[in-house]
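Participant: Now for the letters of each chain:
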Amino acid sequence: MDFRDYMLFTWGHIKHNSLRTWLTMIGIFVGIATIVSLISLGTGLEEAITSRFSSLGADKIIVQNSQTLFAPPGQGTVDKLNDRDLRVVKQTKGFELVIGRLLRFESIGFKNKIIFGAIISVPSTSQGVELINEFIGVSTVAGRQLKANDRGKIVMGYDFYNKELFEKKLRVGDKVTIKDKSFSIAGFLQRTGQPFGETFVMMNEEDMKNLLDINDEWDIIVGKVAEGIDSVAVGKTLDKKFLQDRGLKEWEKDYTIQTPDDIIDSLGNILLVVQAILVGIASISLIVGGIGIMNTMYTAVLERTGEIGIIKSIGARNSTVLLIFLFESGMLGLVGGLIGLLLGVILSLTVQFFGTLYFGTQLLNASFPTYLMIGALLFSFSVGSFAGTFPAVRASRLKPVDALRYRK
Amino acid sequence: MAKIIIELRDVWKIYTMGKVEVKALRGINLKVRQGEFVAIMGPSGSGKSTSMNMVGSLDVPTTGTVFLDGQDISKLSESDLAQLRGRKIGFIFQQFNLLNTLSAIENVMLPMIFQNINKHNREMRAKKLLELVQLGHRLHHKPAEMSGGEQQRVAIARSLANNPEVILADEPTGNLDTKTGRIVMDFLKYLNKKENRTIVMVTHDEHVAKEAKRITFLRDGEIISDRTVS
Numbered sequence: 001m002d003f004r005d006y007m008l009f010t011w012g013h014i015k016h017n018s019l020r021t022w023l024t025m026i027g028i029f030v031g032i033a034t035i036v037s038l039i040s041l042g043t044g045l046e047e048a049i050t051s052r053f054s055s056l057g058a059d060k061i062i063v064q065n066s067q068t069l070f071a072p073p074g075q076g077t078v079d080k081l082n083d084r085d086l087r088v089v090k091q092t093k094g095f096e097l098v099i100g101r102l103l104r105f106e107s108i109g110f111k112n113k114i115i116f117g118a119i120i121s122v123p124s125t126s127q128g129v130e131l132i133n134e135f136i137g138v139s140t141v142a143g144r145q146l147k148a149n150d151r152g153k154i155v156m157g158y159d160f161y162n163k164e165l166f167e168k169k170l171r172v173g174d175k176v177t178i179k180d181k182s183f184s185i186a187g188f189l190q191r192t193g194q195p196f197g198e199t200f201v202m203m204n205e206e207d208m209k210n211l212l213d214i215n216d217e218w219d220i221i222v223g224k225v226a227e228g229i230d231s232v233a234v235g236k237t238l239d240k241k242f243l244q245d246r247g248l249k250e251w252e253k254d255y256t257i258q259t260p261d262d263i264i265d266s267l268g269n270i271l272l273v274v275q276a277i278l279v280g281i282a283s284i285s286l287i288v289g290g291i292g293i294m295n296t297m298y299t300a301v302l303e304r305t306g307e308i309g310i311i312k313s314i315g316a317r318n319s320t321v322l323l324i325f326l327f328e329s330g331m332l333g334l335v336g337g338l339i340g341l342l343l344g345v346i347l348s349l350t351v352q353f354f355g356t357l358y359f360g361t362q363l364l365n366a367s368f369p370t371y372l373m374i375g376a377l378l379f380s381f382s383v384g385s386f387a388g389t390f391p392a393v394r395a396s397r398l399k400p401v402d403a404l405r406y407r408k
Numbered sequence: 001m002a003k004i005i006i007e008l009r010d011v012w013k014i015y016t017m018g019k020v021e022v023k024a025l026r027g028i029n030l031k032v033r034q035g036e037f038v039a040i041m042g043p044s045g046s047g048k049s050t051s052m053n054m055v056g057s058l059d060v061p062t063t064g065t066v067f068l069d070g071q072d073i074s075k076l077s078e079s080d081l082a083q084l085r086g087r088k089i090g091f092i093f094q095q096f097n098l099l100n101t102l103s104a105i106e107n108v109m110l111p112m113i114f115q116n117i118n119k120h121n122r123e124m125r126a127k128k129l130l131e132l133v134q135l136g137h138r139l140h141h142k143p144a145e146m147s148g149g150e151q152q153r154v155a156i157a158r159s160l161a162n163n164p165e166v167i168l169a170d171e172p173t174g175n176l177d178t179k180t181g182r183i184v185m186d187f188l189k190y191l192n193k194k195e196n197r198t199i200v201m202v203t204h205d206e207h208v209a210k211e212a213k214r215i216t217f218l219r220d221g222e223i224i225s226d227r228t229v230s
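If you read the protein sequences in the order shown, they are chains A and B.
Residues 1 to 408 in this note's numbering are what the first sequence spells out, letter by letter.
Residues 1 to 230 in this note's numbering are what the second sequence spells out, letter by letter.
Just chain A, same shape as in the assembly (with noise of 0.2 Å):
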């Protein structure tokens, strides 16, 4: 018997019964459709955000102090970086060019309303501008960039211009108060995405540092690879600096270097565990497709009790009996995995497509590799073979004589 043979048993049965049929592979392909959603549109926002990474910050090396990760915001007297160790990063061999950045949190007054929110530093040369405004990696949406000897002069972040956090929106040319001094609206960035919100100010360095009093302190050294330079080894030998500058062991270590190798595979890490949290629960509804086809599976091995009487009776073999029914269970589930596949691409393009058009993020991009498109079919023409096989193994084993006294 070849496939056309079974298709013959099955083509008959599949029309004979068609609601049932639908009503079976309804639990497939609604599985199927929610894993394939699920998996194409976390492998897009992984793609996204390792491309966003990669496009910005792949030459990129970060030093931070490790307590100021849990310092309270606006305190400044936990170990903070220091001048001496923007020296040790700059004389270590391989960057182009290293900046040292403040982050504080401070007072921002319009009228009569005060808030809260990041001040950043942008450094007083037009390299260092260009740094810091490729690491944003946003263009304007009102007004300019901050430029190298910009004074008295602030650009906000995107929640500024476009929510109402004072009396009224902010516009170019406003006079905000931050802490206790007045600065002029250059411009406000658009949507950065970045782990601090849209609630940020960037203001010149030397401003900065006059206006909180800041000296030799800094809270993230930035340093750009030369082009060419492979960072991680940068990295490596920057560490070992570090380590001999301090005069730490290995294990003492109060600081991290983070080189974009370590942030992709931090972040790929912890999309992957929610990915697989995901389509664990959407598993579940596949095994309920599963038993809804071993259900029908067990229903046809009834109703066809004496079909199979009548063909073994004419010389069908145990086995072919098996294959009859494992060809038609499989079946239903691979036909089920289509639709779903189907259906899981066109919900992953429609997220796609309102994602883009009402939250202007590209982060809700499907993707949809070949591993996916030939996986889920594969799995699902499995949940379908393994849920008919204890009803195929039963219809193999009845005895023509019996099956035949079935027949109404």
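Treat each hint with caution, since some may be false.
To be verified - To spell it out: a stretch of chain B is covered by chain A in this simulated footprint if at least three of its residues, at any positions, have a beta carbon under 8 Å from a beta carbon of chain A; those stretches are: (1) 51 to 59; (2) 104 to 112.
Stated by the list, open to error - Simulated DEER-style distance windows between Cβ atoms: (3) B:Asn163 / A:Ile346: 51 to 57 Å; (4) B:Asn163 / A:Thr299: 33 to 39 Å; (5) B:Tyr190 / A:Phe3: 36 to 42 Å; (6) B:Arg182 / A:Phe3: 41 to 47 Å; (7) B:Asp186 / A:Val288: 55 to 61 Å; (8) B:Ile14 / A:Val288: 42 to 48 Å; (9) A:Ser319 / B:Asp186: 17 to 23 Å.
If you are wondering where the hints come from, they were derived from the structure by calculation, not from laboratory data.
Predicted, not measured: the structure shown is a model, and the values here were computed from it.
All residues carry an ideal CB built from backbone N, CA and C; glycine is no exception.
Chain B: place on chain A using the hints.
Facilitator: Same frame as chain A, now just chain B:
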């Protein structure tokens, strides 16, 4: 003498229903030779259906031996027996027993599919057989679209699919009116006379049994007469 195709040697079949033992067959001895046309007769409960299952090797005896073409069927696996049965015996049932989801020609091809005969050959043969039973114009009709007589003729064509030596007919006219029953009987006689096929037919109808050359009469699981009709 022609060779023996089917032999039942001291065959007993005992069913246990709850605590009661039912002795359906009590030591049956029967030899069917090539070219014979045997009718197995008897009232209901006489064991004729059980003996039919033995002759057709659809069931195995409790004790005793059944030989199909010289082979002891109890020595074969269920699958090998199915294969042998598919090659040696063609079945015609009272309820026709066609597969409702398949067309006439697909039903006739079925026994050939199980013998792994290639698509071209089985299509040719199925067509020829359906033409033989005068259903050449109904090849692609489903059983539900055919009359009882037509369905039984499809079943006859199917029974001939693998060119079997024996045709086993279980009340072949039981569900048909006299006229269509007549046509079916004429076919069986034709197959016996012109093609020298062995036919074993189970019936309770005396008129039908008279068409056979030999009548074996069962009562209470025993053969009480076995005579050749002139």
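Participant: For every hint, state whether the structure bears it out.
Facilitator: Status of each hint after checking the structure:
1. Counting residues of the segment 51 to 59 of chain B whose CB falls under 8 Å from any CB of chain A gives 4; the rule of at least 3 is met.
2. Given a C-beta distance limit of less than 8 Å, the hint that chain A covers the segment 104 to 112 of chain B holds, as 3 residues qualify and 3 suffice.
3. At about 54 Å, the beta-carbon gap between Asn163 (chain B) and Ile346 (chain A) stays in the expected band of 51 to 57 Å.
4. Here the CB-CB span from Asn163 (chain B) to Thr299 (chain A) is close to 37 Å, well matched to the stated 33 to 39 Å.
5. In this structure the supplied range 36 to 42 Å holds for Tyr190 (chain B) paired with Phe3 (chain A), their Cβ-Cβ distance being about 38 Å.
6. In this structure, Arg182 (chain B) and Phe3 (chain A) meet the distance hint of 41 to 47 Å, their C-beta atoms being roughly 43 Å apart.
7. Between Asp186 (chain B) and Val288 (chain A) the beta carbons are some 57 Å apart, a value that agrees with the proposed interval 55 to 61 Å.
8. For Ile14 (chain B) and Val288 (chain A), the hinted distance range of 42 to 48 Å is satisfied, since their beta carbons lie about 46 Å from each other.
9. Checked against the hint of 17 to 23 Å, the C-beta distance between Ser319 (chain A) and Asp186 (chain B) comes to roughly 39 Å, which is inconsistent with it.
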